[in-house]
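Top line first, the protein sequences correspond to chains A and B.
So the first sequence is numbered by full-length UniProt numbering: it starts at 1 and just counts up by one.
So the second sequence is numbered by full-length UniProt numbering: it starts at 1 and just counts up by one.
For the record, the hints were derived by calculation from the structure and aren't laboratory data.
No residue lacks a Cβ here, since even glycine has one placed at the ideal position from N, Cα and C.
There may be inaccurate statements among the hints.
Stated by the list, open to error - Rough simulated footprint, nothing fancy, chain A against chain B, three-plus residues with beta-carbon under 8 Å:
(1) 28-39
(2) 75-86
Unchecked claim - Cβ-Cβ distance ranges computed for the label pairs, FRET-style:
(3) E285/A x D7/B: 55 to 63 Å
(4) M193/A x G47/B: 29 to 37 Å
(5) L71/A x K18/B: 23 to 31 Å
(6) K18/B x S13/A: 22 to 30 Å
(7) E260/B x L90/A: 51 to 59 Å
(8) N91/A x I123/B: 18 to 26 Å
(9) L71/A x N149/B: 38 to 46 Å
Said to hold, decoys possible - Here are the simulated DMTMM-like cross-link-like pairs (lysine to aspartate or glutamate), alpha carbons at most 20 Å apart as the crow flies:
(10) K234/A x E223/A
(11) K124/A x D166/A
(12) K211/B x E223/A
(13) K251/B x D317/A
(14) K210/A x E176/A
(15) K110/A x D270/B
(16) K194/A x D266/B
(17) K246/B x D317/A
(18) K221/B x E221/A
(19) K110/A x E220/B
(20) K107/A x D144/A
(21) K48/B x E67/B
(22) K221/B x E88/A
(23) K11/B x E67/B
(24) K328/A x D271/A
One letter stands for each residue in the lines below.
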Amino acid sequence: MNWEDDEEKLPPSQRPEWSDVSPLPQDDGPNPVVPIAYKPEFAETMDYFRAIYRADERSPRALQLTHQAILLNPGNYTVWHFRRLILETLNKDLHQELDYVSRIAEKNSKNYQIWHHRLWVAEKLGLDAADRELKFTEKILSGDAKNYHAWSHRQWVLQSLGGWDDELEYCRQLLEEDIFNNSAWNQRYFVIMKSPLLGGLQAMRESEVKYTVAAILANPENESPWRYLRGLYKDDPKSWIHDPQVSTVCLKLLSSGGTTNHVFALSTVLDLLSHGFQPSQELREAVEALNFTGSRPDSQESIGLGNVVCSVLEHADAMRVNYWRWRKSQLTM
Amino acid sequence: MGELAADKHVKYILAVEKRKDSFESAVLEHLRMNGAYWGLTTLDLLGKRDVVDSNEIIEWILKCQHESGGFAGNIGHDPHILYTLSAIQVLALFDKLNVLDVDKVSTYIAGLQNEDGSFSGDIWGEVDTRFSYIAICGLSILKCLDKINVERAVNYIISCRNVDGGFGCTPGGESHAGQIFCCVAALAITGALHYVDKDLLGWWLCERQVKSGGLNGRPEKLPDVCYSWWVLSSLTMIDRVHWISKEKLIKFILNCQDTENGGISDRPDDAVDIFHTYFGVAGLSLLEYPGVKPIDPAYALPVDVIDRIFFSK
Chain A
1 MNWEDDEEKL PPSQRPEWSD VSPLPQDDGP NPVVPIAYKP EFAETMDYFR
51 AIYRADERSP RALQLTHQAI LLNPGNYTVW HFRRLILETL NKDLHQELDY
101 VSRIAEKNSK NYQIWHHRLW VAEKLGLDAA DRELKFTEKI LSGDAKNYHA
151 WSHRQWVLQS LGGWDDELEY CRQLLEEDIF NNSAWNQRYF VIMKSPLLGG
201 LQAMRESEVK YTVAAILANP ENESPWRYLR GLYKDDPKSW IHDPQVSTVC
251 LKLLSSGGTT NHVFALSTVL DLLSHGFQPS QELREAVEAL NFTGSRPDSQ
301 ESIGLGNVVC SVLEHADAMR VNYWRWRKSQ LTM
Chain B
1 MGELAADKHV KYILAVEKRK DSFESAVLEH LRMNGAYWGL TTLDLLGKRD
51 VVDSNEIIEW ILKCQHESGG FAGNIGHDPH ILYTLSAIQV LALFDKLNVL
101 DVDKVSTYIA GLQNEDGSFS GDIWGEVDTR FSYIAICGLS ILKCLDKINV
151 ERAVNYIISC RNVDGGFGCT PGGESHAGQI FCCVAALAIT GALHYVDKDL
201 LGWWLCERQV KSGGLNGRPE KLPDVCYSWW VLSSLTMIDR VHWISKEKLI
251 KFILNCQDTE NGGISDRPDD AVDIFHTYFG VAGLSLLEYP GVKPIDPAYA
301 LPVDVIDRIF FSK
């Protein structure tokens, strides 16, 4: 396979090796519903592709043609299909194919066809490909740390081919670069839950809570660590309400005054209360101090405090007023 | 701001379908079937189903069908589950499902189910909950859901449910509004919505609304008109749509219009395209905007089309 730049730019009609082929134009039928005209170079390459595809010619020149067609339109899934058929027939070196995909992916990192082709190749190469695939996704993520395809591919690599050793560290790195990266938080959870090297949720909980609390304190308006924190107690509400770290971080934030965004801290307090958490006097006072709404709790019961929390949220998060009103209505249940 | 420029959008859609000189059309020719669904459903929602020649379209659709029973994105392309659903949906719009060899199409779709209940997109094996939705939606319209193992299909979808109440593309995949729509709609169609924690997911979904009133697809991402569909339809299916600010979302969608030339873009002042035009109008439909027909949130087709399929004869 050669892909020197000047070779790429010569259309098939100007190359001697294609002289035996009659190109096939796009068949839009007699009265095309959706007739389209093309740039000449694009049209020509696709016309030759159609001819080769129709003839099912699985040759080196056909492979090269799919390369050109893909460069012109990487979304064309039929070209990718045919490329795979040719690769199989010619029994091509799939490591080279990974080189090829890496090159195309740089400018097309959100293209479903490229990612699936990559997975198909990697799957055939098996365990050999693990390291390379982790590096490849890392490269893509360095350009767009939230690329859904890259994360999906990376999860597949870890589960099918292994390579868990440095994954938690990789998450830590990405979160250091952008603590708001929800994909990295999701990956962190994925590692905690599924890595065969770490011991599972129970074993990791304490250190993860510490880590998450620090992230929350740094940016209380960040949705991800709050959800991550809650996720660390999945199926274990007792531990959730009894872990002092959780209520402490809420208290810290709610007492801090100023312009700190209190919405997630308040909603966390609400969640704790709904699971039977007994609030301290300090926490009550901190919440009350935010209550400029005029509503008063009619008792010292938790329901009263929950009511105040909802009232504050109806104002602090006015966009979702209907949600907080509904939460309030659920408190008596 | 202001109003829905419905007539301009109709003109825009018709112009795109007929455009003879566009390079953009060329690079999208392989997904023409999706484009037909987006364009024609939008026309239908705006009350203009009849401005196109359905016979021509149906003829073209049938030319896109393969021996396997699946449909391709355009003539000369390979079959894929994505285009198979769009073909079924467009035929449903025109009340022409009877031109299909239902057995053939449904066998193609059912053949894409894997051992674990998931679905592949085509013979090459890509797995994604998008395809679970497509299979279930398509087979439901064709009344052939019994051709697949529904229990396993549902179990696979549930395995993609995350601790935040949302769903990803595969087990462990980050919750994403597009994937959530696919999973919730699939569960709705199969009568399995009880597997969704509606309160938890409803909150996650309403948190997608940002200051501008638009919706994003994941925490800390930019709003995009297409999420007006995926987030909203999900909220509608779990009866929580009142948890977002409808007025602010309507304003956002209307701001994404090109009121001069027609069409809707992903966010204000960007270039328009058919995809976002459809999702903007579909979102407005769910928000009960005047002049837009109601749309079914699970099947993504006008309610009168779904009623006709399921409740007549």
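Hints, one by one, checked against the model:
For the region 28-39 of chain B, the stated coverage by chain A is satisfied: 7 residues place a CB nearer than 8 Å to a CB of that chain, which reaches the threshold of 3. Coverage of the region 75-86 of chain B by chain A holds. Counting CB-CB distances below 8 Å, 5 residues qualify, and the rule asks for three or more. For E285/A paired with D7/B, a C-beta distance near 59 Å keeps the hint of 55 to 63 Å intact. At roughly 49 Å, the beta carbons of M193/A and G47/B sit outside the given window of 29 to 37 Å.
A C-beta distance of roughly 28 Å is found between L71/A and K18/B, which places it inside the suggested range of 23 to 31 Å. K18/B and S13/A have their C-beta atoms about 29 Å apart, which keeps the hinted 22 to 30 Å range intact. Checked against the hint of 51 to 59 Å, the C-beta distance between E260/B and L90/A comes to roughly 52 Å, which is consistent with it. For the pair N91/A and I123/B, the supplied restraint of 18 to 26 Å holds, since their beta-carbon distance comes to about 20 Å.
Taking 38 to 46 Å as the suggested C-beta distance range, the pair L71/A and N149/B conforms, at roughly 41 Å. With a C-alpha separation of about 17 Å, the suggested pair K234/A and E223/A falls inside the 20 Å cut-off, and the hint holds. For the hint pairing K124/A with D166/A, the CA-to-CA distance comes to about 24 Å; that exceeds 20 Å, so the pair is violated. Taking the CA atoms of K211/B and E223/A, the gap is about 15 Å. The hint holds against a cut of 20 Å.
Distance restraint check for K251/B and D317/A: the Cα-Cα separation of roughly 19 Å lies within the 20 Å cut-off, and the hinted pair is therefore satisfied. At most 20 Å may separate the alpha-carbon atoms for a hinted pair to count; K210/A and E176/A meet this at roughly 15 Å. Of the pairs offered as hints, the one joining K110/A and D270/B holds, with about 19 Å between alpha carbons and a cut-off of 20 Å not exceeded. In summary, the hint linking K194/A to D266/B is not supported, as the alpha carbons are separated by about 36 Å, beyond the 20 Å threshold.
Taken as a hint, the K246/B and D317/A pair is honoured in the structure, with Cα atoms around 15 Å apart against an allowance of 20 Å. Between the alpha carbons of K221/B and E221/A the distance comes to roughly 14 Å, so the proposed pair stays at or under 20 Å and holds. At most 20 Å may separate the alpha-carbon atoms for a hinted pair to count; K110/A and E220/B meet this at roughly 18 Å. This hinted pair checks out: K107/A and D144/A have alpha carbons roughly 12 Å apart, not beyond 20 Å.
Taken as a hint, the K48/B and E67/B pair is broken in the structure, with Cα atoms around 33 Å apart against an allowance of 20 Å. About 40 Å separates the Cα atoms of K221/B and E88/A, which puts this hinted pair outside 20 Å; it is violated. A distance of roughly 36 Å separates the Cα atoms of K11/B and E67/B; the hinted pair therefore is violated under the 20 Å criterion. A distance of roughly 12 Å separates the Cα atoms of K328/A and D271/A; the hinted pair therefore holds under the 20 Å criterion.
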